[in-house]
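Whole structure, please, built from the sequences with the hints as guidance.
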Amino acid sequence: MKASGRKLATLAVLISLVTPFSYASELVIAQPASATAMDPGFLKEAATLVDNIFDTLVLRDKNMQLQPGLATSWKALDDTTWQFDLRPGVTFTNGEPVNAAAVKFSIDRILDPGQPRANHFLHPHHLSRLKSPATIRFASTPTARTHFCLRA
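Just so you know, the sequence shown maps onto residues -24 to -1, 1 to 128 in mature numbering (1 follows the signal peptide of the UniProt record, and there is no 0).
Read the hints as simulated data drawn from the structure, not as lab findings.
Among these hints, one or two may not hold up.
Restricting the straight-line Cα-Cα distance to at most 25 angstroms, the calculated cross-link-like pairs of lysine-lysine (BS3-like) are [what the hints assert, rightly or not]: (1) Lys80 <-> Lys51; (2) Lys80 <-> Lys107; (3) Lys38 <-> Lys51; (4) Lys107 <-> Lys51.
All values reported here derive from a predicted model rather than from experimental measurement.
Quick look at the structure:
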């Protein structure tokens, strides 16, 4: 009987060790507002809602300093042109790569005159160009809102 009791205790300990390492089947996020859309270009709710669902090219740390997000580096080429080098190996949930073409598509879609708030985020003279699959350039008249829209 002692042997079976030890086996049972050992089994209970092993099960308790395995459980913390199992993956959750559901992710719960507390937000100050409910999402009215799932499109990051036109979502009006608090930035925390967007930040928990979508990645951005750059992030701000607790000291409001820019940090890498989807972009590993960025630089101003001149007064109106920025270049972003993208993090390799990033994919969307469907497995497609997050590359310069995907970023360009997202920005260009937001600027589409057929969209109800096309000029809400960026200046209408904004241009995005692909330099390589992992590099994109943005050129526009700078505005204070430009960095908020740089979402892939």
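Evaluated hints:
no.: 1; hint: Lys80 <-> Lys51; in the structure: holds, 17 angstroms
no.: 2; hint: Lys80 <-> Lys107; in the structure: holds, 11 angstroms
no.: 3; hint: Lys38 <-> Lys51; in the structure: holds, 22 angstroms
no.: 4; hint: Lys107 <-> Lys51; in the structure: holds, 14 angstroms
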